[in-house]
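J.: Produce the entire structure from the sequences given, and follow the hints as far as they go.
Sequence lines, in order, name chains X and P. Just so you know, numbering that gives the first Met the number 0 puts 189 at position 190 of the first sequence, and the rest follows in order with no gaps. Just so you know, numbering that gives the first Met the number 0 puts 939 at position 940 of the second sequence, and the rest follows in order with no gaps.
These are computed hints drawn from the structure, not numbers from a lab. These numbers come from a predicted model, not from an experiment. We treat Cβ as the ideally placed atom computed from N, Cα and C, and that holds for glycine. Mixed in with the good hints, there may be bad ones.
Which residues of chain P face chain X? A few of them, derived with a C-beta cut under 8 Å, are [stated by the list, open to error]: (1) G112; (2) D116; (3) L154; (4) F172; (5) N174; (6) K201; (7) M973; (8) A979; (9) S998; (10) Y1000; (11) V1005; (12) E1013; (13) H1091.
If you want the building blocks of each chain, they are given just below.
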Amino acid sequence: MKFMHAADIHLDSPLRGLARYEAAPTDELRAATRRAFQNLVDTCLDQSVELLVLAGDIYDGEWKDYNTGLFFVGQLRRLTNEGVHVALIKGNHDAASQITRQLTLPEGALAFDTRRPQTHILEDIGVALHGQSYGRRDVTEDLASDYPEPIAGLFNLGVLHTALEGREGHDAYAPCSVARLLERGYDYWALGHVHRREIVSEDPWVVFPGNLQGRHARETGPKGATLVTVEDGSVASLQALELDVVRWARCEVDVSDARSAHDVISQVRQALEVEAEAAGDRLLATRVQLRGRSAADGELRSQTERWESEIRAAALDVSVPVWVEKVVFDTQPDLDPDVLIEGAGPISELLRSVRNASADDETLHEVIASLKNLAEKLPPEYRDLDDAMDLTSRDAAIALLAEVEKMLLPHLLSLEETG
Amino acid sequence: MRLQELKLVRFGPFTDGELLFSEPGKRIHVIYGDNEAGKSTVLRSISALLFGIDERTQDAHLHATNDLRIGGTLENDAGDTLRVVRRKGRKDTLLDLDGGALPESLLHAYTGGITKDVFEAMFGLDHERLVAGGRDLLEGHGEVGQALFGAAAGLRGLHDLVARFQSEAGDLFKNAGSKPRLNQALRHHQEARKSVRKLALKPSAWATAKRGLEEGRAELVQIQQTYREARAHLEQRQLLKAVLPDVREHEAIQARRAELGEVPLLPEDARDHRRNAERILKENLTRREKLSDEEQRLHAEHVALDVPDPLLALEARIAELAGARAIHLKAATDRSGLASKLNAGVIALDELLRRLPLPKSPEEIEALRIDTASQARIRDLIREGDQLEAKAAASRDSAREATARAKKAEEDLRDLPPTLDGTALASAVKTARRAGDLEANHRGVSAELSAKRQTAELRTATLTLWGGTPEAAASLPLPLDATIERFEQDFGDAAETARLLASRRHKLDDELAELREEIVALESGGSIPTARDLNEKRERRDGLWATIRGVWLDGAAQAQSSPTLAGDYQDAVRSADTLGDQMFAEHKRVAQIEEHRARENRIQRNLQGLEQETSALNQRKDQLADAWRQAWEPTGVAPSFPREMRAWKAQQQNVATLVGESAALEDQLDTLGATIETHRQACSQSLVTLGENELDPSLGLAALLDVAEARLAVIEANRERRDHLSEVLTTAAETRTQRNGELAQTEESIEDWRTRWEQSIAPLHLPATARPSEAEAMLELLDQSFTKHAELNAHRERIRHIDADNQAFAEEIEALAGEACPDLLPGTPDIRAADLLARLEGGRSGRTRREEILARLDAITAEQGDAERERAAAETTLASYVEIAGVESPDLLEAAESRSQEVRSLESRRVHVEERLRRSGRRLEDLVEATREIEEDPLNREIEELNKALTVTEDLRDQKNQQFANLQSDFEAMDGGATAAAANETAEEALAEIAHLTSEYALKQVAAVMLNREIQRFAQSNQGPILSRASQLFQRLTLGRYTSISSTFSARDEMILVCNRVDKVAAEVQQLSDGTRDQLYLSLRLAALEHHMQANESMPLIVDDVLLTFDDPRSRATFETLGAMANTRQVLFFTHHRRLVELAEEAIPKEFLEVHELRA
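T.: Right under this line is the structure:
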């Protein structure tokens, strides 16, 4: 018997942080979560699995378009028409979703109850499924504690949406300990909620398959589902399948050896090639982070926009379509800026003053005031972004001053060079 | 820090080079070197020593990169010294003298911790930086903060940088903008969010649509059922309507058939057959009668017919007579023609024979016949004789003509003049021609010369301020252009100053006049009580009060002295109070007048000051004018203004040029004259040699050349004529000899011919002397005679043949007539032949008619048989119909036939009707049953109503169908599509762009804020000391023309620099000349550096040829300034101008200065 275990589909949630630019591969980016889900269904059919288990978070909580649900049901029908069982639980996002409430699943697909844990027996394939859906978003009790006893003679499969004892970056819903899962006596725990693939235990198996499609710069690397083969009532093998259509990567390049910005570009191109290789033929969405103490620092920082464009242009040469999410200039100048800042003369005084400004309320106030107009115009969604700045805060002003210090130095020195 | 020594161990073009700056007291070092001496290398080596050799150094062309070494000894302000060596590399490049690596931090105590960039910016100063600094001042409008910060840091383009940050931030975001990128991204985000809301499908909307669809489907099923039923009913009624006429017809047929009863059926074609038989019987009778009549008539004709059968037996031979008769008639005609030709021929032959020499009868003629070969030979000889005669005649004519030609040529030769040699003359002419048109050249140069002279004189005449010849004008000792320019500038400055003074004077005058008017106006507001007036009033009041008091207290006896005392006192009190009030009220006016008076005084003092400045200026102008006149003294010219004198000098230069050019032209003229004369001499001499003794000695070269060429042409023509005549003579002699030889040969040939001729003509019976023409005539006559004789013989033979044929024809006729026609009439054979042929024709006709009659009789017999058989068949047919119909006679057949026909017709109609009814698909019995009670009209009405009802149902059904289709398509549109999701992705992209641009904008914005803030802060804390020191330097560098630099608020409310001139006029940066602005920048730079070094480690000031645009006094002032600075600091001054070295030596005391000369 073979079954597929997937979770955290987040259908129709957009990929985040990708600002469009000229020559960006926009078409390849469209409907990534949908295409990944189609990949999942295609693979189930190709592999002739008997059961697909979805461990929660099929939708994105705030998303209200019923078309998403229709798409989902349409895809499930492809499986049930072929006699494949589908079992799903609702996760925290699904509980919040308005789509879930109206949707009728096709015959042959079952959803677990929200009020109490249930057992569904699939006699034709010898499987007992145990699970409980979330009835509300913030389930804080240990759902696993009430899960039913295993049924002898069947393959017992527990389905649970949980953060276990807690996972970084994930809300601690339905907390429970691994020990509790192990003592329940099931053959396989199909977990969801944590977006990073993880095999928590091998005897019995406790598995997070990770989400199906990476959605932002922090969800890097291959994404997909876990294919499980059961022989004689126990797990014979596990296989992680890569089903994502857009691969996220973080391309960190140490440019210490670069003598000019052009050197940096060619180093970045090489690094992108390596990432592209790993992505197969998918669109690669990547953040390029330049770091190291480099002779090119001044050249880069005095024209960041230009070099960002150059890097994006270099990405066009790479063998797969690449979307450069952003370029982070995290380099330091070749010469120690502190030598200059501690030195004598007006330039040193100026830089010193910028550095000390973080401790000066008056200056901070002036900085914040200069950004007030923009701060008032930013949409509320902006605040939810990872790299959002609260332009009205002291912290943002201090961070900006630190960046300004790095930027001013090459600008002032290049004044003397270029006149 | 001070650089004590610089060792260029291996660097650029240097190997073991060194510069020592260690001599005590000498702190200003002028390093002089030619262009290629390595000045720039030394400059680079200082910063390379202190901060490291450039990664991509240009100084590794002589020494390998790794071998580069610079050494140096440094001394800091604290008096410590350090000896170091710098190598090229990426780390550990600072070494001690033994090559051991030293930490870079060791140098901090000497450099004060500055970086290379900062060192070069702050302590390096070259011409380019100076000019750029001045330009920055201009572009920044002298804004104090940027001017001071830029000068102190040595930064150029600071103004641009601040503006750039501001503009880049503005390109990203503007508070009320729509174009900037961030504003656009915000809008895009908002629009995309709106699209999402519009496109997203609500779950309840889907549920509603689904319910609607199901209801619509049920309704549709219902209406379709109703429609089907109505339609079936209608169709049933329509069917009845369709079959009703047929059912009725079927009934009628059945009734008629029953009425007719039993009827024997005749064949369908019985009537036609019967009628045919009757017609045959009738026609048959007539035909047989006709045949019988014809038979009898033909028998009679046959008996009467007579045919000549014996004649017809000879038919073939008689028929041939027709052709023979025609030939017989033709031959008779031919024979008479031949007989006449024969007679004429005999006469003609006799005539010919008579002209022959010997035989006379025709029979003898054969003896004269000559064979063909002999005839040909005689004819050849005739032709040959003619040719030989003609040839001899031609030779004789040609010889005669040659003799005559030779004689004429000899006579012409005798008349020709003698021969001359023109070679020498030709050579002289050729040489002269090759030199070109020398005389025209001479005239051209001469004209140019006189034009130049005239121009020079005219220019000299218009050269004002001076009288003399052009040559004298050209050699005047004038002042240099530079001197004139210097005076021009000085005069200009003086005039400018005068203009400023006048303008200030006018301003002050205007101000004064205005002030005075105001004072008058203020004063005219009525007399203003003074303090003294008030005091008087008060004294009077007090005096009266004392009196009243005295009266009241002392009961004084003065009471009577003034009965109006009380009234007076009251008046005095009121008067004093009124005046006090008035003074209080007028206080403001009083203060204004007083202030105006004070200003009036001040203006008058200013005016006096102006007077003094004006007179000082006038004095300066006088001195300037004196100097100007002195400059021109050596020339004796009383100079006008410098600008005009510059023009004057230009014109004088023009005259000098013209004078020089005239002298050159004169030389050219002399040379040309001599050449012309030489050529003339050569030509004249040659002509005289040729005998030309009467030459006109005044002829020019060109005319002389024409005469010589004419002469040469005559000589050449004579020579050609002589040559021609000699050739004619020779040719004529040759011709004569040749022709005589030819003639002798021809005559020999004639002799030979004659012998052959005589032998040949013997058979013609002609004498040996006979001429060829006679022989030819003889041959012709013989030919004619033979021909005529042969012709006569032929005629005779033909006549004999004709006669024989006629005989045979006559005999055949006789034979035929005797055999078949003994009664033939006698006559000529041709008449008898014609008769015989006519009789044959008659016989043939008779025979043909007899054959025709016999054939017709046979045919009649056959026809009569046919007619009998036909009659019998018709009678049989009629008899058989009578039997079938069961009638007694054929007359009754027609009625029987009619009955049979009707029965058949009824049967056929019945079959058709039944067939049609069967097609309706219903049984005949059922149809009959169903239509039993039906009437046509009510049925039609019923169908019409059913039709209407069905249409209504149909419309309703279509309507429901359409509604359902709409519902269905709406529902199908809810297909799980991703348009809302796509809009959401767009919104996410816009949001990402917002985030990106926000960071960028914030960075630019904060950078601009900080930069501005720091620049202003620097200005605030350093403005005082720097400006005060810069004022001193500026005064010195401008040679006292400016006294100070200060700051003030501009129209744009910015704090800006102003330069105060010695005449108290304040100039803004834009009003300064470029040079003065450079000096202002230099002053600010030097002042800022001094200020910096008061608090920090001092550094050597590296100055690279900054004085390129400074004149000597200003250069000297600069050196003095640098010399003064060098009291405390080290200054390295690089130059490749020897003059600057001299100026430095003049301006700087020896104990401070050291000059180094560079040689690479």
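J.: Now look at each hint and say whether the structure bears it out.
T.: Consistency of the hints with the structure:
{"no.": "1", "hint": "G112", "result": "holds (4 Å)"}
{"no.": "2", "hint": "D116", "result": "holds (5 Å)"}
{"no.": "3", "hint": "L154", "result": "holds (5 Å)"}
{"no.": "4", "hint": "F172", "result": "holds (6 Å)"}
{"no.": "5", "hint": "N174", "result": "holds (4 Å)"}
{"no.": "6", "hint": "K201", "result": "holds (6 Å)"}
{"no.": "7", "hint": "M973", "result": "holds (6 Å)"}
{"no.": "8", "hint": "A979", "result": "holds (4 Å)"}
{"no.": "9", "hint": "S998", "result": "holds (7 Å)"}
{"no.": "10", "hint": "Y1000", "result": "holds (6 Å)"}
{"no.": "11", "hint": "V1005", "result": "holds (5 Å)"}
{"no.": "12", "hint": "E1013", "result": "holds (4 Å)"}
{"no.": "13", "hint": "H1091", "result": "holds (6 Å)"}
Consistency with the previously given hints is maintained throughout, with no hint failing.
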